[in-house]
Amino acid sequence: MSRSPSPRSVCTGLSLLAMATVLSGCQHLEPQLTIGDRFANEPYRSQLRWRTPAPTDTLVHIAQRSPHSDGSLWARMRQGFSLQPETDGVARVDAQRRWLIERPGFLTQTGRAGSRYLHFIVGELSKRNMPLELALLPAIESGFNPNAQSPAQAMGLWQFIPATGRRYQLEQRAGYDERRDIPASTRAALDYLSYLHDYFEGDWLLALAAYNAGEGRVRQAIERNRARGLATSYWDLALPGETQNYVPRLLALSQLVNAPADYDVDLEPIADQPYFQMLALAQPVDLAHLAQLSGVHERELRMLNPTERGRASGRVLLPMAASGRLIAQPDLIARAAQPGVPNREAPGRVTTERVPVGPQVAQADEPTL
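Reminder that position 174 of the sequence shown reads as 173 in numbering that gives the first Met the number 0, one-by-one numbering, no gaps.
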């Protein structure tokens, strides 16, 4: 054990966003049940799997670039990092950092996928004053693939299992799964992480371990150590092997983002600007048809709107440039409406109100997760 903090202490190019994929869903304690009731006989979730994202997941490269690296999203993230003291001199973190540095190809591919969503996630974390290292968590959970699904039926960027998704009001029904939805699943994940942070009395490492293994399992490990007179920090607990690697891997990735020059790594700047924007819809639209009309590749639309597998209802996420064109020509979205689907408002109409996504625009109608 490299160190034992107190129980309450708290990639090349774009590649550094990437992380190995944990294709399993976060477990949780149902509020009405005790830890013993909920977890006494529950098997540990599926074992860790590292998945190289397919090239089709990352068809579109980020077009916006910051002209100066100091104005990039990376610089903003570093200003909000608060877990770095937990990374110094820990052998398990060092091992995970070496693992990442040795796989630049994997990291690059996963990082391209993450660049779609990072600005939005960072903005939502900032609104809640949460550590910005948490923006890298989907890299570990899903490789920033909203279509990732585990053998345990965990799904989406944040890998919610069905029960946890229902607990955090993510609707799941035939042909529609909000665990894939970018804004909704991010709201749910940050709600869950905030709950875990409070549950473990302000210890983010224990909260992260519980996001992976379940709060009941982590609490039981703490109680075992306490009964034996042992330290009860994350680093001292006997947890499943996946969880032993999970937190150090996130911390290692944040180390590389925080000080790339120290590890001979170059970070390609990401503009501190929203990548996508929401447009409110009066009726559902077919993404394939919308792609033809908007000039955005269908695959890109599907990566931004994966909830309904080929269509969008209520609102649609679009790359910024495309959303500007469609706002100027609202009839294009109306033409993409699926035939035979009842309109929520007047036939053939779309609300063209702009709903900015990201922290740079503060408006009364901006969604707050």
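Bear in mind the hints are in silico, worked out from the structure with no lab data behind them. These figures come from a predicted structure and were not determined experimentally. In this text, a Cβ means the ideal position worked out from N, Cα and C, and glycines have one as well. Some hints here could point you the wrong way.
[Claimed, not checked] Simulated restraints on C-beta separations:
no., residue 1, residue 2, range
1, R324, R172, 27 to 37 Å
2, A230, A287, 50 to 60 Å
3, M319, A258, 27 to 37 Å
4, G174, P259, 35 to 45 Å
5, Q291, A260, 36 to 46 Å
Hint check results:
1. Checked against the hint of 27 to 37 Å, the C-beta distance between R324 and R172 comes to roughly 33 Å, which is consistent with it.
2. Restraint check, A230 to A287: a C-beta distance of roughly 56 Å satisfies the suggested window 50 to 60 Å.
3. In this structure the supplied range 27 to 37 Å holds for M319 paired with A258, their Cβ-Cβ distance being about 30 Å.
4. Here the CB-CB span from G174 to P259 is close to 43 Å, well matched to the stated 35 to 45 Å.
5. In this structure the hint that Q291 and A260 lie 36 to 46 Å apart at CB holds, the actual value being about 45 Å.
Against the hints set out earlier in the document, no violation occurs for any number.
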